[in-house]
Amino acid sequence: MVAAKKTKKTHESINNRLALVMKSGKYTLGYKTVLKSLRNSKGKLIIIANNCPPLRKSEIEYYAMLCKVGVHHYNGNNVDLGTACGKYFRVCCLSIIEPGDSDIIKSMPGDH
Amino acid sequence: MVKFLKPNKAVIVLQGRYAGRKAVIVKSFDEGTRDRPYGHCLVAGIKKYPSKVIRKDSAKKTAKKSRVKCFVKLVNYQHLMPTRYTLDVDLKDAISVDALQTKDKKVAACKATKARLEERFKTGKNRWFFTKLRF
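Going down the list, the sequences are from chains B and H.
Residue numbers for the first sequence follow the numbering used here, so the first one is 1 and each next one is one higher.
Residue numbers for the second sequence follow the numbering used here, so the first one is 1001 and each next one is one higher.
It is worth saying that the hints were derived from the structure and are not from the lab.
Treat the numbers as computed from the prediction; the structure is a model and nothing was measured.
Just so it is clear, CB atoms sit at the ideal spot from N, CA and C, and this is done for glycine as well.
Heads up, a few of these hints could be off.
Footprint (simulated), chain H over chain B, 3 or more residues, beta carbon under 8 angstroms [stated by the list, open to error]: (1) 39-45; (2) 65-79.
No farther apart than 20 angstroms at their CA atoms in a straight line, the calculated lysine to aspartate or glutamate pairs in the EDC-like style are these [as the list claims (entries may be wrong)]: (3) H:K1122 x H:E1031; (4) B:K42 x H:D1030; (5) B:K32 x H:D1057; (6) B:K68 x H:D1057; (7) H:K1003 x B:D101; (8) H:K1105 x H:E1031; (9) H:K1125 x H:D1098; (10) B:K23 x B:E59; (11) B:K42 x H:D1088; (12) H:K1092 x B:D80; (13) B:K32 x H:D1104; (14) B:K8 x B:E98; (15) H:K1006 x B:E59; (16) B:K36 x H:E1031; (17) B:K36 x H:D1104; (18) H:K1003 x B:D80.
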């Protein structure tokens, strides 16, 4: 019971941080651009939805391991992640390039 | 945040005639060039893997089985899968981009890499690189 409440609170905080990144920072949405940002080492944090196909998820995690970049498994599917980004489409994975005013990079990678 | 598409990185080619083959990055062009305005790299890979050598084989047979056929190619980053392995074989003096311009220079470059890769295979190091990827 206590654990469920704690995840709800941290989940909202991720959404708030993500909204701040959308407003003030730089990001890319989508699998192709996520891989591109990892290849040229611009990505600082990767967020993957929970219904991402497992092969794609492990591929992104492998690239992130080579890059030493944190990956956050978002607690929600691609529809929820798209809504959290303020978009009207589904987002399966996204890469944060510049966090802007947000502290998402400093607080999230401990989470994984 | 660490660049990993660097020379001596082992990669797997994903598209084209050499799909599924392992290769090593010789030179990388992150920004691209005028002809290829995208990130790409010069790779040297294995066209035909060496076969399995058993103890029963004669010296002539092991020599025949340990042959490696190589290719040299410019590949887009999108068509490569990087791995965590590296292969530090010095191929920079044997292969360059202008070796790909004419056929005979390309053949000479392939022969040079064939020699280097075969001697590396015979030492028994980098065993992963010389085994065929099963898929």
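Evaluated hints:
Only residues whose C-beta sits within less than 8 angstroms of a C-beta in chain H count toward coverage, and the stretch 39-45 of chain B has 5 of them, enough to reach three; the restraint holds. A count of 5 residues in the stretch 65-79 of chain B with a Cβ less than 8 angstroms from any Cβ of chain H is obtained; the coverage claim is therefore met, three being the minimum. This hinted pair does not check out: H:K1122 and H:E1031 have alpha carbons roughly 36 angstroms apart, beyond 20 angstroms. Proximity of B:K42 to H:D1030 is assessed by CA-CA distance (about 13 angstroms); at most 20 angstroms being required, the pair is judged to hold.
Among the hinted pairs, B:K32 with H:D1057 is inconsistent with the structure: their alpha-carbon atoms are about 48 angstroms apart, more than 20 angstroms. With a C-alpha separation of about 45 angstroms, the suggested pair B:K68 and H:D1057 falls outside the 20 angstroms cut-off, and the hint is violated. For the hint pairing H:K1003 with B:D101, the CA-to-CA distance comes to about 25 angstroms; that exceeds 20 angstroms, so the pair is violated. Distance check on the hinted pair: H:K1105 and H:E1031 sit about 26 angstroms apart at the alpha-carbon level, beyond 20 angstroms; violated.
Pair hint H:K1125 plus H:D1098 does not hold up; C-alpha atoms about 30 angstroms apart against a cutoff of 20 angstroms. For the hint pairing B:K23 with B:E59, the CA-to-CA distance comes to about 29 angstroms; that exceeds 20 angstroms, so the pair is violated. A C-alpha spacing of about 26 angstroms is found between B:K42 and H:D1088, which places the hinted pair above 20 angstroms, so the restraint is violated. About 49 angstroms separates the Cα atoms of H:K1092 and B:D80, which puts this hinted pair outside 20 angstroms; it is violated.
Restraint check: the Cα-Cα separation between B:K32 and H:D1104 comes to about 37 angstroms, which exceeds 20 angstroms; the hinted pair is violated. Taking the CA atoms of B:K8 and B:E98, the gap is about 26 angstroms. The hint is violated against a cut of 20 angstroms. Note on H:K1006 and B:E59: the hinted pairing holds, with a Cα-Cα distance of about 19 angstroms set against a maximum of 20 angstroms. With a C-alpha separation of about 12 angstroms, the suggested pairing of B:K36 with H:E1031 holds against the 20 angstroms cut-off.
With a CA separation close to 35 angstroms, the supplied pair B:K36 and H:D1104 exceeds the 20 angstroms bound. Restraint check: the Cα-Cα separation between H:K1003 and B:D80 comes to about 31 angstroms, which exceeds 20 angstroms; the hinted pair is violated.
Going through the hint list in order, the structure does not satisfy hints 3, 5, 6, 7, 8, 9, 10, 11, 12, 13, 14, 17, 18.
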